[in-house]
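Using the sequences provided together with the hints, build the complete structure.
These protein sequence lines map, in sequence, to chains A and B.
Numbering-wise, my numbering puts 87 at position 87 of the first sequence, and it's gapless, one number per residue.
Numbering-wise, my numbering puts 31 at position 31 of the second sequence, and it's gapless, one number per residue.
Just so you know, these hints were derived from the structure itself, not from any lab.
No residue lacks a Cβ here, since even glycine has one placed at the ideal position from N, Cα and C.
Any given hint could turn out to be false.
Far from chain A, by Cβ distances over 12 Å, these chain B residues were calculated [stated by the list, open to error]:
#1 63
#2 64
#3 201
#4 290
#5 298
Cut-off 16 Å, straight-line C-alpha distance, at most; resulting in silico cross-link-like pairs (EDC-like, lysine to aspartate or glutamate) [unchecked claim]:
#6 302/A / 284/B
#7 302/A / 346/B
#8 39/A / 284/B
#9 70/B / 256/B
#10 302/A / 348/B
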Amino acid sequence: MATITYRDALNQALREEMQRDDRVFLMGEEVAVYQGAYKVSKGLLQEFGERRVVDTPITELGFAGVGVGAAMTGLRPVIEFMTWNFALLALDQVVNSAAKMLYMSGGQFAVPMVFRGPNGAALQLGAQHSQAWESWLMHIPGLKVVTPGTPADAKGLLKSAIRDDNPVLVLEGEMLYNTKGEVPDGEHLVPLGVAELKRSGEHCSIITNGKMVLVALQAADQLAKDGIRVDVLDLRTVRPMDEAAIMATVRKTNRAVVLEEGWSASGIGGHVADVIQRECFDDLDAPVLRAHQADAPMPYAKNLERAAKPDAAKTIAAVKRVMYLDS
Amino acid sequence: MTNIRPTSTSTPPSGTVAARPSPAPVNAAPSMPAAPPASDTRELHRELLRMMLLQRRFEERCAEAYALGKIGGFSHLYIGQEATGTGAISVLRPDDYVITTYRDHAQAIARGITPRSVMAELFGKAAGCSHGKGGSMHLFSREHNFLGGHGIVGANIPIATGVAFGIKYRGGDQVCLCFFGEAAVNNGAFHEALNMAGLWKLPVIYVIENNRYGMGTALERASAVNDIAERARAYDMHRAVVDGQDVLAVRRVVGEAVQRARTERLPTLIESRTYRFMGHSMSDAVAGTYRSRAELDEQLKRDPIALLRAYMHERNEISESEVAELDAAVRAECEDAWQFADQSPEPELGALMQNVTVEGDGGPASGDGASSADNSNGAGGAPPAAEPSS
Ligand SMILES: Cc1ncc(C[n+]2csc(CCOP(=O)(O)OP(=O)(O)O)c2C)c(N)n1
Ligand SMILES: [Mg+2]
Chain A
1 MATITYRDAL NQALREEMQR DDRVFLMGEE VAVYQGAYKV SKGLLQEFGE RRVVDTPITE
61 LGFAGVGVGA AMTGLRPVIE FMTWNFALLA LDQVVNSAAK MLYMSGGQFA VPMVFRGPNG
121 AALQLGAQHS QAWESWLMHI PGLKVVTPGT PADAKGLLKS AIRDDNPVLV LEGEMLYNTK
181 GEVPDGEHLV PLGVAELKRS GEHCSIITNG KMVLVALQAA DQLAKDGIRV DVLDLRTVRP
241 MDEAAIMATV RKTNRAVVLE EGWSASGIGG HVADVIQREC FDDLDAPVLR AHQADAPMPY
301 AKNLERAAKP DAAKTIAAVK RVMYLDS
Chain B
1 MTNIRPTSTS TPPSGTVAAR PSPAPVNAAP SMPAAPPASD TRELHRELLR MMLLQRRFEE
61 RCAEAYALGK IGGFSHLYIG QEATGTGAIS VLRPDDYVIT TYRDHAQAIA RGITPRSVMA
121 ELFGKAAGCS HGKGGSMHLF SREHNFLGGH GIVGANIPIA TGVAFGIKYR GGDQVCLCFF
181 GEAAVNNGAF HEALNMAGLW KLPVIYVIEN NRYGMGTALE RASAVNDIAE RARAYDMHRA
241 VVDGQDVLAV RRVVGEAVQR ARTERLPTLI ESRTYRFMGH SMSDAVAGTY RSRAELDEQL
301 KRDPIALLRA YMHERNEISE SEVAELDAAV RAECEDAWQF ADQSPEPELG ALMQNVTVEG
361 DGGPASGDGA SSADNSNGAG GAPPAAEPSS
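This is the structure:
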């Protein structure tokens with residue numbers, strides 16, 4: 001096991017998959033000469049050349065469509081969005097083309113490709129640059145959506161995404177790129193659609209994904225000081241969602257808090273709560289609670305941004321409430 | 001195709017040191033006499049110099065504040081490009097509209113938003129021009145018809161077209177001035193917006209600030225056509241190329257376009273050839289990866305402020321000591337803005353959930369001026385500009 005950054009883990013995944021399959025190429029803004037806006041593609045131009053590491057104009061809709069066309073006819077594109085905020089311009093190709101092509105063609109045209117880039121808020125980037133899109137994107141049949149929270153998952157999920165025959169969206173975290181963690185040596189694949197228990201406890205379940213995994217673990221550490229031991233279930237893939245893992249943790253702890261980065265309406269928490277009420281109704285000792293971003297665009301001011309974001313304190317408060325400890 | 005006339009009247013940057021601002025008719029407002037008295041010209045030049053110096057010193061302080069963590073997020077400086085915003089905005093009337101990108105600090109100041117309220121916004125304070133909610137990339141001022149810094153490349157171009165549509169719809173004679181970078185012209189929004197403006201003959205002036213790079217990508221690595229102004233042909237639109245380091249040339253060319261928009265309701269696409277002296281944003285190195293130090297050094301010789309100064313010296317319009325006085329005055333103004341921003345309070349926490357939607361009776365929709373406070377709820381939910389949200 002080597003301890004590497006989330007950024008390097010993604011870089012390794014891209015490099016290894018490009019080495020093993022000439023059909024895989026990387027395309028996006030600043031991926032080549034600039035070495036990636038967040039340096040995820042560092043060194044790839046030098047190793048694979050301009051044929052396979054392609055800088056584009058600022059034309060998201062266009063190059064997303066280029067990826068779809070290339071994928072329909074035999075290549076395996078990895079399309080990088082500088083951030084998912086800019087992917088909104090390309091959603092027509094993601095949703096109307098990539099997601100539906102197999103179905104509309106009666107199974108004739110698969111679209112084996114990856115759309116990836118940083119998702120969610122960083123620090124004080126304001127309303128247009130601080131958005132977590134997983135609950136939007138998981139709405140769409142035909143897509144798979146993964147949100148790695150650790151370096152090992154970043155590498156393993158991206159490699160699986162590239163090998164998958166469907167369009168897979170990989171939502172990374174800008175704030176995660178510098179985080180470090182152990183990544184298994186050699187071939188490391190994480191299957192799509194499989195959650196992982198990142199911490200084990202018996203009093204309550206925190207169900208989460210992406211960057212919020214770290215927040216949940218922080219909350220778990222603090223709760224442990226009060227003798228409260230929680231399960232932290234990292235969904236990893238939000239579509240398809242690992243319902244069996246959700247059921248298993250809730251049947252164990254009988255209480256659940258769903259923590260997500262984005263807004264609450266039509267959110268991941270609503271979806272998970274539906275799974276729980278449907279499958280674990282008799283196991284519940286308390287209503288399912290949710291922690292999420294305030295229902296407002298992200299403000300710039302430091303104090304307002306802090307108030308808007310979900311954090312460990314808000315998660316702990318929710319855990320204490322479902323345990324009836326909030327007196 | 002008969003009405004396509006390039007209106008270029010000045011030379012694009014040649015990379016030479018000697019190119020200096022062209023002596024020009026300095027006032028483009030249609031009602032002004034063609035040749036104002038020499039004293040007026042001198043006053044105008046001094047004001048343009050002061051304005052550019054103010055922006056320069058202001059942004060030098062921004063870089064300092066960013067390093068100290070007083071400004072957060074992204075911060076994109078305009079240093080080196082001041083002549084374009086200053087010259088272009090200087091020909092507008094107060095009731096005209098300006099819309100721009102995330103590189104907006106200096107243009108906000110050129111439009112008359114006070115350094116205090118811009119700095120307070122950058123510091124995330126309630127007294128900021130967007131009440132602390134926008135930040136560096138999203139400066140707004142209803143009072144100044146400054147319709148924002150926009151963070152998504154290309155997004156402000158159709159919005160500008162819509163503003164011009166609204167002007168024509170209401171039968172007004174205002175114009176909309178829209179700034180964006182040369183990299184934005186490869187985005188679909190640019191083409192869609194210009195086609196509509198050409199088709200519907202809207203009073204809008206699109207100013208492409210061609211600083212040669214979109215982040216780390218040089219123009220010729222991103223665009224099939226390197227003569228950007230040529231793209232206007234596709235939309236049956238007037239076009240012009242101007243030396244963006246020459247504030248007087250910018251004034252003249254934009255002035256002509258403004259007059260055309262005001263009197264004939266026709267759009268113009270202007271390519272202003274300029275250069276950014278700093279990195280793309282605070283996290284980008286000034287030179288090294290995608291542009292050489294030598295290239296930068298060559299461009300630094302065409303500093304728009306130095307060019308105007310030299311021109312004024314030559315005409316005996318200003319002395320060295322007067323320049324020093326101007327500089328001291330704008331430095332003091334920037335220091336005052338810093339102190340003001342530093343000492344003003346953060347927004348109250350209640351502001352977080354305010355302005356998400358318009359609450360209560362929105363009132364009648366705006367008649368024609370975004371500057372009138374009494375209908376502020378009708379068009380966007382912003383509070384009157386002078387009143388910080390609490
Ligand atoms: C749609 C979209 N894609 C990507 C970005 C990231 N981005 C911000 S500025 C920029 C470069 C823009 O260059 P240009 O239009 O020339 O303006 P300049 O920064 O040079 O003023 C990029 C790629 C964005 N903000 N929006
Ligand atoms: Mg540019």
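**Prompt:** Failing hints, ascending?
**Reply:** Structure breaks hints 4, 6 and 9.
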